[in-house]
Amino acid sequence: MNPFEKIFNYQIISRLDESNAIALTSQERAWLRTALAHDSSVDAFTPETLGKLRQLLQDESGIDHRDMIVEKAKHAERQVYHPLLRTLRRLIMQDKGMLLTSRIKHGGTKTNQPGLPVKLEYSMVKREWYLLWYSTRGRSFMATKLQSIVSFEETVLPAERVEELRGRVSALLEERRRQAVIEVVRTYSAELSRILYAFSCFDKSVSYDEEENLYRIHVTYLADEGEFLLSRIRFLGLRVKIVEGDELRRRMLESAEKALARYGNEAHRAEQTEKPAP
Amino acid sequence: MARESFDKEVQFLRLLALAGGAYNRQQFASRLGISVHTYDKTLRYLKDMRTSLQPLSATQESDLAEGLRYNHYESADPLLLFLFRAKSLKESESVRLSLTITLLQDRELTAKELLDACSESMPSDFLCPDEKTIRGDLKYLEEVGVVTRCEGGRPYRYRASNDLIDCLTDEELLDLYDYVDVMANTQAPAVQGYLLRDTLKKALGRRGFAPEAAETHLYKYHYHSRILDEAHLHTIFQAIRERRRLRFLYLSPKKGKNYASKNTNPLFEREPEGSDETTLPLLVIYDHQYGRWYLIGHSAKLGMMKYRMEGITQIETGDAVPETDFVERLERARAQLERSWVTDTLRPVKVVARFYNPDRSGANFVRDRVEAQGQWGTIREESESTFLYEITVNGIYEIKPWLRSFGSSCEVLEPAWLRKELSAEWEEIRKYYESVRENI
Chain L
1 MNPFEKIFNY QIISRLDESN AIALTSQERA WLRTALAHDS SVDAFTPETL GKLRQLLQDE
61 SGIDHRDMIV EKAKHAERQV YHPLLRTLRR LIMQDKGMLL TSRIKHGGTK TNQPGLPVKL
121 EYSMVKREWY LLWYSTRGRS FMATKLQSIV SFEETVLPAE RVEELRGRVS ALLEERRRQA
181 VIEVVRTYSA ELSRILYAFS CFDKSVSYDE EENLYRIHVT YLADEGEFLL SRIRFLGLRV
241 KIVEGDELRR RMLESAEKAL ARYGNEAHRA EQTEKPAP
Chain X
1001 MARESFDKEV QFLRLLALAG GAYNRQQFAS RLGISVHTYD KTLRYLKDMR TSLQPLSATQ
1061 ESDLAEGLRY NHYESADPLL LFLFRAKSLK ESESVRLSLT ITLLQDRELT AKELLDACSE
1121 SMPSDFLCPD EKTIRGDLKY LEEVGVVTRC EGGRPYRYRA SNDLIDCLTD EELLDLYDYV
1181 DVMANTQAPA VQGYLLRDTL KKALGRRGFA PEAAETHLYK YHYHSRILDE AHLHTIFQAI
1241 RERRRLRFLY LSPKKGKNYA SKNTNPLFER EPEGSDETTL PLLVIYDHQY GRWYLIGHSA
1301 KLGMMKYRME GITQIETGDA VPETDFVERL ERARAQLERS WVTDTLRPVK VVARFYNPDR
1361 SGANFVRDRV EAQGQWGTIR EESESTFLYE ITVNGIYEIK PWLRSFGSSC EVLEPAWLRK
1421 ELSAEWEEIR KYYESVRENI
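Going down the list, the protein sequences come from chains L and X.
With the numbering used here applied, the first sequence corresponds to residues 1 to 278, in that order.
With the numbering used here applied, the second sequence corresponds to residues 1001 to 1440, in that order.
Note that these hints are calculated values from the structure, not bench results.
All values derive from a computational prediction rather than experimental measurement.
Keep in mind that the hints are not guaranteed to be accurate.
Distance condition first, Cα-Cα at most 27 Å in a straight line; then the derived DSSO-like pairs of lysine-lysine [what the hints assert, rightly or not]:
1. L:241 to X:1420
2. L:72 to X:1306
3. X:1306 to X:1008
4. X:1350 to L:72
Extracted from the complex, chain X is given alone in its bound form (with noise of 0.2 Å):
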């Protein structure tokens, strides 16, 4: 099966995302290091299948174009899940396809009956299936869990698998979409999640529910393209099982540009920027505080690696590697990891800092985030209005950030150096903001 390949959409759809708005075709197009061309026939894809999952009101219509913006208080949908609906395919086959699951859907049926039944709902532009294509499907349907075969000898009789929605009272149905709602929001991978809600959703359609009946939920301040990360995850966990190496092309998100176009007419042959990367896959970080994905691998002349997700495109499975190899790399590697805030393995620090409880009473705002997000680092009484944090954490690149968003109720002890630097970095900001007492 020719393998099909989505790079193009992730990114495309990523930077609509992060950047909406922010660039004319031709700006995102050389981004994207695509044509205006392509540019316009992906908007023109991407659009269509849009509007064909969900009406869309005028103005979300105009919006894509400008990047993918949510009204929080409409919608839990996550819009970016059409990425994953994208695979192409022949407008007979999905007529075929669907015809088959929709006459499955309350009966059983042989393969001969299918065909009969077939024949007799086909719309009128699309020919008849033979009985070879009929059984073609419906191994697929069968391979995929859509259909099932039931019980029984020659000939086969098959029927739609719907029973975890047919099995279900209507209250059962609704706590069930409520439960996967919240897992998908909440939990990753959720891909399969936001699938499974979509389909019990329309379930609940079914059974006479009103379309408000789903969107009693809300989720406040989720990363919408992390699902998008998740479109390598599933290659990835497979290499990992089978102890492969992965090859693809990296692009740093560091260089700006995000996509490099496979050009099969050699007169456009540009030198294709970004590395080659060979890498054993060990595993996949998430990273909470950007809503990111990383993958850390081994790579056999540099160690161990750690790439971002939205870097990789072009990925291919290679070859595979002794178990005992794969183990002890993984086992290293974790390790490294253990003292990483989130990915850095530089040499560990003991830092120290005091946190100072808010002036107000009730709540203490300071405390609950320190318990909370300190991740590892403990935590000593100091005064009535002050506590010690105290961890040792490789690097201090990647904590600071947290230290420093408590603003003036964090104040780092340890190491000198970060005290320094800190104390110099809140100088600057003031300058920053110098000009607001003026206005005053």
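Excised from the complex, chain L in its bound form (with noise of 0.2 Å):
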């Protein structure tokens, strides 16, 4: 299965695409193939359809690699397809409103509440869906998880309070959006790469002062992931240093200090009576 084939050649592409031809290759359905064996394929599709595939698909060899693989502090995989995602997908794209009810955190349900579904979000870190809402009545974006919810109904919104609900929606998440800027500690230049790398899976850019030698990383977040952007900078320890973002500085400066009230004065004294580390 080499993926640099010269059938997947831009040039290519692009003169089928003008010509609304499709050229499918046998590495895609091999993939297709190994890819339907996973558990969760019984929730992506109707056994009829799940039954039609597998026969289309019997012929393609689908070599597996997976035996080659294996994968390291990875996430316990609760879930990688929910079953409300193949209605919920369709209420979104047919843009539809909603009654929705769903559990509460501290127990109980909330019904009926009428809402514009917007998007379906899987946190690779939580390994968990989201359905991202704006509630109507709260006057909010909202993000439920799939699991959370008891039941919804579908209702019907005139195209231009879709198109205005849209408008909010993105108004708030531009209201949401915080600016942290996080510095590589000098010292630790030698682990760049290591550093860029953990923070590749947020919005940012890097900027370089070559006088100075300095790595300041610039993460765009909405306020309320601050929490696990604070968890991924604490995960690098002494390697980066938060320099713009008052609320995170404030927080990592509680860390530490419930951090060392936990360990007490007894490293301190162990210091002392103890002999060094091997």
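Combine both chains into one complex, guided by the hints.
The structure is reproduced here in structure tokens:
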């Protein structure tokens, strides 16, 4: 399965686009055959469709490379596909509104909340699906776990209303946007690659000051995503330092002080009584 | 067939994706070990390719030189996929192949009929192909599975093998697109899945679905550059299957240079940086913490070797080894790596940590995270507000960042020296932010 085949060449693809033609390769079919072997396929298709797909692919070689791959530090895979994705994605595609009934954090349910479903979002960190929607009652942009959805009912919204609500969502997202600047501590420049990889899952840009030999990572994030950003910064420890972003800086100080309190004065005491660390 | 290397493009895109915006032309070129002229040429080539694949807005256009940035809320399209569309091709060949595929979309044709049809539809600035060329093209297209030979005797008839798409109803096609989208984005390897996603997206367009129909899903905190590392997977998997050694120039990511140009002009020849490696590939590791791939191999002199995929360039397949050697080395490597947090094979250490449940009532996100990410470690209840986590792991270097990421919700108990190290680190971190208090 060499992905560098000439059939994938961009000139061929754009010419095929012009003539509205399709080139489907055995590499793509073989990948699909392997993908369909995953347990989640039963949630993604009706049994008839799944049977049909398996039959259409039965002659593909489907060489499986998974035995040569070891995945490490993986988050337990709770859910890859959620059965509600099929119906919810159609609501979004057809610009429908909804009445949503969902469980809330501290127990109990909220029934028939009116709103507009906007996107379905999978968090690679939590390995879970969320419905992003606009609540017309609360006038807010919401993220509800698909796991917490009890039921929903389709409603019809006039096209202008949908347009208006989508506009509000963009405005709300804009409002929530925050910026932080994270500096790579110079002593750790040798680990630059690792540090940049750790931030590569954020919306970010990097600046470099040649005179000072200093790298700064400018991260744009949504206010409620600050927690994950902080956990990444703590993950990297002494290698990075937040230089802009008062709230994040305050939280880091708080973390450090609380952590030191956990270790108590004991660390200090140990220094005097115990042998040095190996 | 001439071997084509995409090392330069891969490293170029990786530097754009990771350090986007950081360097000017001069700095960028020197980090890749290429001239500014080559930098300009490569950038132009990548830009041309990208624009011809998807029309870009003015901001995206100017963005490419400054790095690849995603607007998460707009689209889940993998921008780096265009690397895999970079194979060079003569224009006449691209015209001919695409015309052949187009002609075979909805009908069956023999090579002769195809030749006639080609001659009619070939753009005037290109020569009409002869029958031998057409037969050669059909053979290639059949090999890659794009065209299929229909049942029946000579003369053979051919048609595009689009059954997978054509046999599905609109609803079924939409379900298939979604599934491929989800699996390509959440599973590895993903390149072929993303290519299929592109194809199906086009098929949806042909059926009259609006482009937005393919944009209902988003993936948060995605390691986009992971698909660049997949560029070597094909060669590696094939070598593993055939028990063959691999030779490559390894540029350790720690040395700061990401690419070594192969100069053909001896006047400009420099000492190549990096090291020539020969290794028997055993398996690959995908690290979910950074979205990075590693190659695990065995070298005659040094035993088990670990290479970061991003440092591997000029990869070539070498000679084969006996099956028994391979099996023995693979088993040993698997055993050595069993207790590695990622790839560390240092002496196993027992680590015990106390975790504190959040003060607030409701979801216990500390417990959730430890359960989901703690790999083979075990959990023991301790009190209302705490639980203990215990793991025996090869070395502490790889697990330490994870423990630290919990902040004050995690207190390391054992080994004592690790406890002391973390305590000292928190003291340093506190100093980083001391000034915050003064500002308040």
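*asked:* Taking the earlier hints as the rules, which of them does this structure contradict?
replied: Going through the list in order, the structure violates no hint and respects every one.
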